[in-house]
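Per the numbering used here, the sequence shown starts with residue 1130, numbered consecutively.
Don't read these hints as lab results, they were simulated from the structure.
Keep in mind that a hint or two might mislead.
With a cut-off of at most 25 angstroms between alpha-carbon atoms, the simulated BS3-like pairs for lysine-lysine come out as follows [stated by the list, open to error]:
hint : residue 1 : residue 2
1    : K1167     : K1139
2    : K1167     : K1156
3    : K1139     : K1150
4    : K1152     : K1167
5    : K1167     : K1150
Since the model is a prediction, treat every value here as computed from it, not as a measurement.
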Amino acid sequence: LYNNIHHPSKLNVGADFHCFKDKIEPKWEDPICANGGKWTISCGKG
């Protein structure tokens, strides 16, 4: 994963970054995601 993502400094301001396991649809309707959640990390510039 680490070798295949953009460096944070290359992301646009306000960009969102999502990671999903293989074969999981990024939809709440997917039974595997039904009780899922969300982590939010805000990083300041610098």
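Worksheet item: If you check each hint against the structure, which ones fail?
Response: none
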